[in-house]
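Participant: Spelled out, the chains give:
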Amino acid sequence: MIRGSYFVHIYRLIIYYAVQLLLLRNMILFDTAFAFFYVGFILFLPVEVNTASLLLIGFFSGLIMDVFYDSIGIHMAACVAVAFVRNKWIELLTPRGGYDQNMPLSIQALGFQWMASYGLPLILVHHITLFAIEASSLSLLGLTLKKALFSSFFSLLLIILYQLLFYKSSTRR
Amino acid sequence: MYRLFQFIYKYRAFFLFLFLESVCAYLIIQNNQYQSASFLNSSNFLAASILKNTSRVSDYFTLQEKNRLLSEENALLRERLERLRQSSRFVNKELKIDYSKVDQFEYEPVEVINKSIARFDNYLTINKGYDSGIEPGMGVIGAEGIVGKVKATSRRFSTVVSVLHSEMLTSSLIKKSNTLCTTKWDGRDPTEARLLYVPRHLDINLGDSVVTSGYSIVYPQNILIGTIKEASIDENETFYNIRIDLATDFRDLKHAYVIKNKIVVEKDSLEQKLFND
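Taken in sequence, the protein lines are chains C and P.
Here the first sequence stands for residues 1 to 173, numbered as in my numbering.
Here the second sequence stands for residues 1 to 277, numbered as in my numbering.
The following block holds chain C by itself, in its conformation from the complex:
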């Protein structure tokens, strides 16, 4: 990981969490679509970050969410699950010619199609884990899946919007 970019990530962490906690916390569409936009932070850390540090980052970023949502352990479990599969998924999705050195994971660098096929499954993993643990009973299976699916699309949409608006400067470095 490049040393100079630590600040960029801390800055992004603050933005992701501020938006999530101040704006999106109470934004729930039709009682089904939640926005867990903050997963974007874990998804768009640089490719070079190894799985072990990703797991720890996921663990602690989930912890902050849990404190605010009164659901201790649930967001943590979901974030750790995403952190665990993220690097394997990136490997599977390697574009022709591989990733460039220090290439940022962003929609500008890799295109919309890559972004959708990268983001959606991982967000689904996060949301399904989250809602399944929260429901913790099979009688609500239908509702759980419905919530997870609609929330995933909602989160993905917000994350892509955020990328289009704010990640531009970092690609021009």
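It is worth saying that the hints were derived from the structure and are not from the lab.
Since the structure is predicted, the reported quantities are computational estimates derived from the model, not experimental observations.
Idealized CB from N, CA, C, for every residue including glycine.
Misleading hints may appear alongside valid ones.
[Claimed, not checked] If you want the footprint, here are the derived chain P segments under chain C, 3+ residues with CB under 8 Å: (1) 19-25; (2) 41-47; (3) 117-129.
[To be verified] Partner residues aside, some chain C positions facing chain P, computed with beta carbon under 10 Å: (4) Asp31; (5) Leu55; (6) Gly62; (7) Phe68; (8) Ala78; (9) Ala83; (10) Glu134.
Put chain P on the given structure of chain C with help from the hints.
Facilitator: Just chain P now, kept in the frame of chain C:
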């Protein structure tokens, strides 16, 4: 031995994953217990201050509506008070009143600074804590009906388990027939709940009110929970399948009261003695 370490090192990410997930599982299971004095919830100072400040901003947009609701509640209470005062004039003065029981409940007005309604387990955060005498286990009611039960407190904030929580059971009565039953939320619609254990030999009328039983120490007797909306029973079932409309509008909930029960300790220790024998 060396092989073992090599193996663990090779799959360190996987083992770390297992370890972290088991930490999460431990936290989730511990959190499910009735009360937990953990600081990892929204009543901790840092989280609650942020929540309080955001609610301070967003409150301005609904100020008028909230004021109207409060003055309506005020008018209703004044009317009831006056009726009581008038009726007490005609009561026989010899009547003995046990003031320790009459005064047993004390209401602490609180403001809801954070809430969720659309999840499977919903919580609220309120703006008073143990400095104002609030303790875990106390009941919380709103102007229209019951709201929940205090789960954890910090100095100035508390977390409340809402009635809209999958493990929240409320001891209730159908007012007309005095039937003891249990109210439970099924995780679907924040405006309705289910009524369990109503035996089939009873007549159920739609629109009957369901109130708290007062058998548990959480809520006083006769606080509205909701009204019966739908009732059905299968040929071979013992209990009715009843849905009720919850009286409290959780979407609009802003002002609530924490109920302090002064004789909790007495009742508790008496019942404890019973269980021990």
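Participant: If a hint holds in the structure, say so; if it doesn't, say that too.
Facilitator: Against the structure, the hints come out as follows:
With a threshold of 8 Å between beta carbons, the proposed coverage of the stretch 19-25 of chain P by chain C holds, since 5 of its residues qualify and at least three are required. Counting residues of the stretch 41-47 of chain P whose CB lies closer than 8 Å to any CB of chain C gives 4, which reaches the minimum of 3, so the coverage claim holds. Check result for the stretch 117-129 of chain P against chain C: holds, 7 residues qualifying (beta carbon to beta carbon below 8 Å, three or more required). With its C-beta approaching chain P no nearer than about 4 Å, C/Asp31 sits inside the 10 Å limit, and its interface hint holds.
For the restraint placing C/Leu55 at the interface with chain P, the shortest Cβ-Cβ distance is roughly 5 Å, inside the 10 Å limit, so the hint holds. With a least beta-carbon distance of about 8 Å to chain P, the hint placing C/Gly62 at the interface is held under the 10 Å criterion. Checking C/Phe68 against chain P by beta carbon gives a least distance of about 6 Å; that is within 10 Å, so the hint holds. A hinted interface residue such as C/Ala78 counts as satisfied when its beta carbon comes closer than 10 Å to some beta carbon of chain P; here the least separation is about 9 Å, so the hint holds.
With a cut of 10 Å, the hint placing C/Ala83 at the interface with chain P holds, because the nearest CB-to-CB distance is about 8 Å. At its closest, the beta carbon of C/Glu134 sits 5 Å from a beta carbon of chain P; the interface hint therefore holds under the 10 Å criterion.
Against the hints set out earlier in the document, no violation occurs for any number.
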